[in-house]
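Residues per chain, in single letters:
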Amino acid sequence: MRFNEKELVFLSRQPSERAAELGMKGPKKGDVMKRRLVKLIVNFLFYFRTDEEEPIGALLLEQCRVEREDDLNFSIVFLDEAERKYVFECDSKEQCLEWIEAIIKASYEFMRKNLVFYRSEIQRLTGKDPLEQYGISDETRFQASSGLPPLPPPPT
Amino acid sequence: MKLNERSVAYYATCSSPPDKTGFLLKKGDRNPAYHRRWCVLKGNLLFYFEERESREPLGVIVLEGCTVELCDSESAEFAFAVRFECTRARVYKLAADGAVAMESWVKALSRASFDYMRLVVRELEYQLEEARQGATSPWAKGRGKRPLVHGEGVLSLGNLGKENGVSWNKPLGLANGVGEVGVSGMVWEGELDDGDGEIPPPIPPRRKTPGGSLESPVSPGTGCFSKLHDWYGKEVAELRVEWLQSQ
Chain A
1 MRFNEKELVF LSRQPSERAA ELGMKGPKKG DVMKRRLVKL IVNFLFYFRT DEEEPIGALL
61 LEQCRVERED DLNFSIVFLD EAERKYVFEC DSKEQCLEWI EAIIKASYEF MRKNLVFYRS
121 EIQRLTGKDP LEQYGISDET RFQASSGLPP LPPPPT
Chain B
1 MKLNERSVAY YATCSSPPDK TGFLLKKGDR NPAYHRRWCV LKGNLLFYFE ERESREPLGV
61 IVLEGCTVEL CDSESAEFAF AVRFECTRAR VYKLAADGAV AMESWVKALS RASFDYMRLV
121 VRELEYQLEE ARQGATSPWA KGRGKRPLVH GEGVLSLGNL GKENGVSWNK PLGLANGVGE
181 VGVSGMVWEG ELDDGDGEIP PPIPPRRKTP GGSLESPVSP GTGCFSKLHD WYGKEVAELR
241 VEWLQSQ
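First to last, the sequence lines map onto chains A and B. Here the first sequence is numbered in my numbering, starting from 1 and rising by one per residue. Here the second sequence is numbered in my numbering, starting from 1 and rising by one per residue.
Be a bit skeptical, because a hint or two may be false.
[As the list claims (entries may be wrong)] Label-pair restraints from in silico Cβ distances:
#1 B:Ser104 / A:Arg65: 29 to 39 Å
#2 B:Pro32 / A:Lys93: 33 to 43 Å
#3 B:Glu74 / A:Thr140: 26 to 36 Å
#4 B:Glu51 / A:Arg68: 18 to 28 Å
#5 B:Glu85 / A:Glu101: 38 to 48 Å
#6 A:Leu97 / B:Asp72: 51 to 61 Å
#7 A:Lys113 / B:Glu85: 24 to 34 Å
[To be verified] Derived SDA-like pairs (lysine to any residue); straight-line CA-CA distance at most 25 Å:
#8 B:Lys2 / A:Leu125
#9 B:Lys20 / A:Val87
#10 A:Lys25 / B:Leu3
#11 A:Lys34 / A:Ala20
#12 B:Lys2 / A:Ser137
#13 B:Lys27 / B:Glu56
Simulated from the structure, these hints should not be mistaken for laboratory data. Bear in mind that the values here come from a model prediction, so they are computed numbers and not experimental data. C-beta atoms are modelled at their ideal positions from N, C-alpha and C, and glycine is treated no differently.
The following block holds chain A by itself, in its conformation from the complex (with noise of 0.2 Å):
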């Protein structure tokens, strides 16, 4: 799949959410806990050798789940390969709990559920429709689900 590399590396020199070193083990058997800078930028975590100004990769975090691990770690697994685990190591308790929740919070869904959420409750307790004096009412994207029940998982 093709995708805009460039851009995605400028995109990774950006002012981020959160940046630190942390350790990080891939998810493949036989990967080891390596130290990695480690920068939330949006909803993408890019990782670099500790020493290098171009990030060795980038994950989207959409649909995946984030886990304590125990103490000092905490996981992250994509939905649609729940077996592989990124496994990243904090310095302290602090750290990997402010972690967690800013992982968990930078998805772009995770952003829109609370939008939703939200507009329902200002509409409720106001009745006005707080995007209507915006223009953007009807925009797709800040609407709540329709209701229809989820779709099946493509064929594989």
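Got chain A sorted already, so can you dock chain B onto it with the hints?
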């Protein structure tokens, strides 16, 4: 650079509802011909498939740090371009099958960025807080605590969608003088401190800071919105002049 491609492709085809779908002509990566692609916009990602029934996307365009503009094309009508701000970046040329579709895609793509969504969420968070406190309008007297005043917002929500050809979704980058701004109709139109509260005050443009944080750098550190407005307003006015001169 590696990317978790399989999972990204999964996001494209999973059951979460897309923001927009449709056929677009897309200018080839290597060859200059336009190809018809089934396009799926989800969040800040534009996926394109060979066919509507294809199980996997051919590719994805991450829509961060880009502007969307209408463009003239000799080979396609209703053409528009997605242009990135990094040096030697690609310009993605796309074309819709009619004026309505073109406008709809341009709007959708220029509002696709993560920051735009975050901005709207924060605005609603603020409004919800106000609503819960029983304030009568979003721009009530308790202005001291307004989180957006300290420079994190980027877009004047009231301004979006007004201008057709030049819509934009990237931070203004005032600090480094990046002049490519499509802020027509200006951000500060009327209603500010008169407290009629219909439209919340426009959000000051966001700056990119070199360090690792999204926090605003220098701001006058004042709780008085009109002072803050004047301060930002000067820079925006300069930027506007720059932009007008570049037209």
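Hint check:
no. : hint                           : verdict
1   : B:Ser104 / A:Arg65: 29 to 39 Å : holds (34 Å)
2   : B:Pro32 / A:Lys93: 33 to 43 Å  : violated (56 Å)
3   : B:Glu74 / A:Thr140: 26 to 36 Å : holds (32 Å)
4   : B:Glu51 / A:Arg68: 18 to 28 Å  : violated (42 Å)
5   : B:Glu85 / A:Glu101: 38 to 48 Å : violated (30 Å)
6   : A:Leu97 / B:Asp72: 51 to 61 Å  : holds (53 Å)
7   : A:Lys113 / B:Glu85: 24 to 34 Å : holds (29 Å)
8   : B:Lys2 / A:Leu125              : violated (46 Å)
9   : B:Lys20 / A:Val87              : violated (34 Å)
10  : A:Lys25 / B:Leu3               : holds (15 Å)
11  : A:Lys34 / A:Ala20              : holds (13 Å)
12  : B:Lys2 / A:Ser137              : violated (37 Å)
13  : B:Lys27 / B:Glu56              : holds (19 Å)
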